[in-house]
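*Asks:* Input sequences plus hints: build the corresponding full structure.
Now for the letters of each chain:
There are 2 protein chains.
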Amino acid sequence: MATRQLKLGAFLLHNGHHVAAWRHPQADSGRDPFALYKKLAQTAERACFDTVFFADSVALTSGVGGLEPLTLLSALAAVTEHIGLIGTATTTYNEPYHVARKFASLDRISGGRAGWNLVTSDNASEAANFGRSDHVAHGERYARAREFHQVVQGLWNSWEDDAVLNDKEKGIQFDADKLHALNHKGDHFSVAGPLNVSRSPQGQPVVVQAGGSEAGKNLAAETADVVFTAHPNLASAQAFYRDLKSRVVHAGRPADSLKIMPGLFPVVGRTQEEAQEKFQLLQDLVVPKDGLALLGRMIGNFDLSAYPLDEPLPELPLTDNGQQSRQKLLTQLAQGENLSIRELYLRIAGGRGHFTLIGTPELIADQIQLWFENEAADGFNVMPPYLPGGLEDFAELVVPELQKRGLFRRSYEGRTLRDNLGLALPKK
Amino acid sequence: MATRQLKLGAFLLHNGHHVAAWRHPQADSGRDPFALYKKLAQTAERACFDTVFFADSVALTSGVGGLEPLTLLSALAAVTEHIGLIGTATTTYNEPYHVARKFASLDRISGGRAGWNLVTSDNASEAANFGRSDHVAHGERYARAREFHQVVQGLWNSWEDDAVLNDKEKGIQFDADKLHALNHKGDHFSVAGPLNVSRSPQGQPVVVQAGGSEAGKNLAAETADVVFTAHPNLASAQAFYRDLKSRVVHAGRPADSLKIMPGLFPVVGRTQEEAQEKFQLLQDLVVPKDGLALLGRMIGNFDLSAYPLDEPLPELPLTDNGQQSRQKLLTQLAQGENLSIRELYLRIAGGRGHFTLIGTPELIADQIQLWFENEAADGFNVMPPYLPGGLEDFAELVVPELQKRGLFRRSYEGRTLRDNLGLALPKK
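Keeping their order, the protein sequence lines are chains A and B. Using this note's numbering, read the first sequence as starting at 1 and increasing by one per residue. Using this note's numbering, read the second sequence as starting at 1001 and increasing by one per residue.
Check the hints yourself; a few may be wrong.
Some but not every residue of chain B turned toward chain A, in silico, with C-beta under 7 Å [claimed, not checked]:
# : residue
1 : SER1029
2 : VAL1079
3 : LEU1106
4 : ILE1109
5 : ASN1166
6 : PRO1194
The set of hints was computed from the structure by calculation and includes no laboratory data. Virtual Cβ for every residue (Gly too), placed ideally from N, Cα, C.
*Replies:* Shown next as C-alpha cells:
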C-alpha cells in the first residue's frame, strides 16, 4: 500500500469513556473483567485496529478497581494475533529495570506487538502509595523520566539481534560479544544490566507518550514513536501537530518517525438522530457525584463536592501537576459561556476535552479524513463512549467507510506493531 | 474426596532443570518461548497439577534471557482454566503496591488462580540493577520482607467481598463502608491504599515461600500458605517438615493451613535402564563452563572458573547470602567423598540438591507415597529434567500411578487455587 494510511488505536476503559458508561444498559457487571476485554480486543483486531491502549494510575482514582495493564495485555497477547498491545507505566514510581523487563517480556510473548506508554505521575494519591507525602514536582518528574527512558532503551539494547545462538552441537548458548552490559550511572539511577530478556522480533517495544508541556513535547520529539494527545478542534490539533513535527525534525529525526494520534470520542448512529439519542441516554445517566469527581480530577485534583452544582465554578489556584493546560481550558470555557458546575461537568462527561463526534459513519469519516489530510493527525486513539457497543459501532460502521475511502487497511501489513505502524526497526 | 490428597506443582524452567537441558535433542530453540510454555501448562493441567511455578531473578544469572513471570503467567491464564499460576517476585527490589496490584490483577484475570512466591534477593548482580553496589544483608532483607508482606496483605484486604455493587438503578458503584484505606507507616514503607483492584474469587492470592533460615522459617510459619523446599533424602525432609509444622502451630495456625512441597527431580523410564539412559544422556551433555557456573552460584556466588576441573574444591569463605546451608552441604559432600570440581558439579547438574528419583513410575510413586505418608511432604514441586518430554513423562506415567493409588485427584475439586489446595478463604 503506497499511500499514507491512517492509524487507529482502541483506547479501552472498563465500561467506556463516558463517565456514566457503567450505568449504560449494556455495561458489564465487572464479575469477569477479562472476558469483556478479550471480546473487545478481538473486535478491534477483526477491524484491523493498530492497537489496544490502556491508561493507568497507581492509585484508586475513579470508580471501582480495574485490572493492571501489563498483566491484562499479557493475557490479551495469548488470545490475539495481530493487534498492538500498549500499556501505561509511570516513570515516577517504578524502577527502569522492571519496566524494561516487563515490556520486553510482553514483546516476546506477543511476537513483537508491545508498546510502552511512558508517563509521569502527578497526583497526591499515587504519591501516598509510594512513601511520599505529596506528588513530585513537574520539572523533577521530567528529568527522571528522561533518564528512565534512556536506561530502559539501553536495557532493551542488551542483546543484539543475533546474540542468541543455541548451538547445541558446540555447546554455545549465546555470543558473549553480542550481549552488552549497560553500566549506567546517572542522577536518578544506577543500573548495570544486561537485561535478562533477549531481543524481540520488533527490536524494541514501541514508545508512546502524551505530554503536552514543553518538557513533555521535547522528550517526545526526541524519543517517542507515537504521541497521544487531546484536542477539541482542528485548529488546536493542527497547531500541536506542526509544533511537535518541527521539534521531531529539529531533534534530527524524520517527521514521519513519530505518529501523532489525537483522542477521538465517537458516538455513532445510522442517522444523526440515532447518534444524538445514544449520547443523550448517557448524559441523562450521569450521577452528580461522579460528574463532580471527574471535573475535580481534570481541573487539577480539586475536591468540588462542597460547591453548589448550579452555581458558577469558584476561583481555583493554578495546579502544579500535568493538567495545567486543561485547567486553563476548562476555566475559560466555564467563564466564557457562563456555565454552572453541573453544565461544565456535562460538557466533559463524554470526551473529557477530546475531539468529540456525534453522527453518522459518513460524518465521522469526513472529519477523520479532514484531520488526517490537513496536518492534524496521523491517526486516532478511539475512545468508545460505552462498551462493548461503542467499539462495535465504530468497528462495524466507521471502519468500513474509512476502508472504502482507501484511508485504512483491510488486513494487517506486517507481523509486528512496528510493521503495522510503519516504524523502522530500531538500530542495533 | 475425604482422604488427604497429594499436591503437585510443575516447576518450569525454559529448557528444564538439568543444566544441560538446553542441549537435549528435544530442547526448544527459544524463538517462540510462549508457545512452549502454553503447551507445558496445558500438559500439566490435563494431568490435574495444582500449579505451574516460576522462579525468578531480577538479573541475568544464567543462560539466555527468559520471560518475566507475571507477564508469562497472565498470558497462561488466558489459555488455561483450572491450574494455579504461581510466580516469584522479590521483596528486596520491589514496591509492595506494585506487587499487591499485579498479583491481584492476575488473580482476577484467572478467576482466582494466582499465587505469589515471596522471596528476598541475595545476589550482587541483582543489587547492581537497582542502584546498590552490593546485595542487602540477610537480616535487613527479612525485616523488609516481613513488612512488605504485611502491606501487600493489607492492600489485598482493601475491598470486602461484597463491596462492589454496580447498582445501575441507584447510581451506586460500590459501598464506601466496605472499601478500606490502609494508611500503613512502618520502617520500610509508607503506603496509603486502597488497592485499585477489587477482590478476587479466592479472596487473596496464595502466598508461597521458600526460606530455609530461621528468619525465613518463622516468616513462613506466620504468613505462608505453601512452602517450597529442597531436601535430598527422607530424613532431612522429615526434620524440616516437623520443625516447620510445629512453628505453624506455635504461630496459632492449624498445621494443615501450610502445605510443604519439596522439590522433586524425576527422570522417568518405563524400565530402570531406560530412566538411567535418559539421565546419562543429559550428564554427557554438560558443558564445563555451565557446570562451573551452576556450582559457583549454588555455593554462594563464587567464580570458580580459575580452578582446575579435576582437582578438589578450594576452601571458600562462608557466604552471607541465602545459600549458606547449601554451601555447607556441598562443601561437606565434596570433602566426604573426595570429589573433584567436575564430579561435584555433575552431582548437582540435575536436581541441584533436590530429591532426585531416576526410575520407573512405580518406583517414583513408591517414594512419593513414602514421603507423603511419613511427615516429609504434603506434595511435591516437580522439576522436569528437560522439556517438554520430562514433564510429559511425569504426567503420562507417574500421575496415573498416583491416581490408581488414591493419592492424587482425577479432576479438579474446585474453581480456585485455594479450593484445589484445600486452603480456607482468607477472612475479610
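*Asks:* Now tell me if each hint is right for this structure.
*Replies:* Each hint tested on the structure:
1. A cut of 7 Å between beta carbons decides the hint on SER1029(B): the least distance to chain A is about 6 Å, and the hint holds.
2. Restraint check, VAL1079(B) versus chain A: the minimum CB separation of about 5 Å is within 7 Å; hint holds.
3. With 7 Å as the threshold, the beta carbon of LEU1106(B) comes within range of chain A, its nearest partner Cβ sitting at about 5 Å, so the hint holds.
4. Interface restraint check for ILE1109(B): the shortest CB-CB distance to chain A comes to about 5 Å, inside 7 Å, so the restraint holds.
5. At about 6 Å, the closest approach between the beta carbon of ASN1166(B) and any beta carbon in chain A falls short of 7 Å, and the interface hint on this residue holds.
6. Nearest Cβ of chain A to the Cβ of PRO1194(B): about 5 Å, under the 7 Å cut. The hint holds.
Violation of the numbered hints given earlier is absent; every hint is satisfied by the structure.
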